[in-house]
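Asks: Sequence:
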Amino acid sequence: MRNSGLISETSSATKYLLNEADFETVRTSNNTYLFMADSLRFFRITNPEMEEYIKYCTAKSRNGLSLSDEEIIRFGTYLKQDEKQEPVSAPVLDCNFLILNITGGCNLACKYCFAETAGNKKSISLKTAQKAIDNMLSGKNEINEYSIYYFGGEPLLQKELVRQITEYAYREITIKRNKTIHFLINTNATLINGEAIELFRQYGFKVTVSVDGPREIHDANRIYHNGTGSYEKVEEKINLLKENHIATNLRATFSPKIKNLVSVFDFFEKWQLPYVYSFTLTSDYKTNDADTYFDERQLKEINRELQTVMDYFVTKMINREVVFYTGLYQKIGILINKVRRTYSCEAGRRSLTVDENGNYFACQNMIPYKQTNLGNVNNRINDLKRRKFMSKDIASIPQCRSCSIRNLCLGGCEVGRIRSGNLPDEQMCCFLKMEWKNIMYAYARLMESGKLNYHY
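When we follow the working numbering, the leftmost residue of the sequence shown carries the number 15, and every step to the right adds one.
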């Protein structure tokens, strides 16, 4: 039963209030939901008094509220019972995923690109790539499955080199050691021809094609050096990959020029190929803020559009239609299964990148930041530097402790902290929070529809 008096701001019951970093609220048109940051618990609030309690936790003011001390203590005790799990994560530093930056050169001049393609046309040598593969195979742990990911620049500028490296890796890993090797390549697709198709088919490549959306969006950024758009050629090559049954997925980079997100996602869904997306990364080596930086107005617009995108996907899922955006299944699956992870990716752990000079980096996005060089294929990797620049355990990032989605985004990309002096990248943090809140919104709507019997 409620006390007639309001809770005092100095009452001992205030210690039962949640901090803003402990939770996140999500609203649909019908209900309010609560996400608990530590346990990943997500549930509908059915008690109006609990909703008042959450408002008090957020506002830290009793104005307009009439909760008693007893109610504050009851709700606080119930919600604070969530275990603050801190999974133990020991770094695994035996590499089984090798990214080879085949060349710094590229036949495109994408306006937002983080690669140093303008002045760097050098390619990796076969000898350097072979040494990187040999080093990977010399790991102490018993590993039965390896991956090699060709990156650039545009790796298909060096098709014959890619073939030679692939043949060497296949011989060393599969033929000599009877272990599994996966080959992947990231390409703008414009240089794919019969020779490339045969290579992909022979060695079971998975091909990731960079395409940003319909022609007008793609051609706004992904241009040739003469300024003409590349969309027509990319579309032709994606169709060629599909016709030849090459495992293909698409990757979009959304820049400040992006408009009408629903139409863009609908464009990708109609390709009927798996796809992911990311937002542009700002970089220090060139001035490209106009092509990479979202201002406050644009961020608010993206947030509004993301909810419309989630409504679009929820409708598809309720209608039992296939959704090709792979990130949606992965993220909803994390919420459903309360997947406890400790770090965001394998950069510097099980994955290493080798640039055209044979230098090691934790990931390909770090190549422009020369201070992150971990060593060379002909020398030992500096273990201290590797641990410094590898993906971090979320518990070791102090700035993330006050964020309610810390155990979902896990601190995001290490590159953002490198360029901002070991502080969180403000733009990336904003995007990650928007994405996860909208994923929660989609999850809540699916719960309301009773259509959560997908496989996640």
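Where hints are given, some of them may not hold.
Unchecked claim - Here are the simulated DSS-like pairs of lysine-lysine, each with C-alpha atoms no more than 30 Å apart in a straight line: (1) Lys136 x Lys451; (2) Lys352 x Lys273; (3) Lys402 x Lys271; (4) Lys330 x Lys125; (5) Lys451 x Lys330; (6) Lys125 x Lys220.
Derived from the structure by calculation, the hints contain no laboratory data.
Asks: Indicate, hint by hint, whether the structure satisfies it.
Replies: The hints, checked one at a time:
1. A hinted pair counts as satisfied when its Cα atoms are at most 30 Å apart, and Lys136 with Lys451 does not qualify at roughly 42 Å.
2. Between Lys352 and Lys273, the direct Cα distance comes to roughly 33 Å. Violation of the 30 Å bound is thereby established for this hinted pair.
3. Between Lys402 and Lys271, the direct Cα distance comes to roughly 35 Å. Violation of the 30 Å bound is thereby established for this hinted pair.
4. About 34 Å separates the Cα atoms of Lys330 and Lys125, which puts this hinted pair outside 30 Å; it is violated.
5. Note on Lys451 and Lys330: the hinted pairing holds, with a Cα-Cα distance of about 19 Å set against a maximum of 30 Å.
6. Distance check on the hinted pair: Lys125 and Lys220 sit about 26 Å apart at the alpha-carbon level, within 30 Å; holds.
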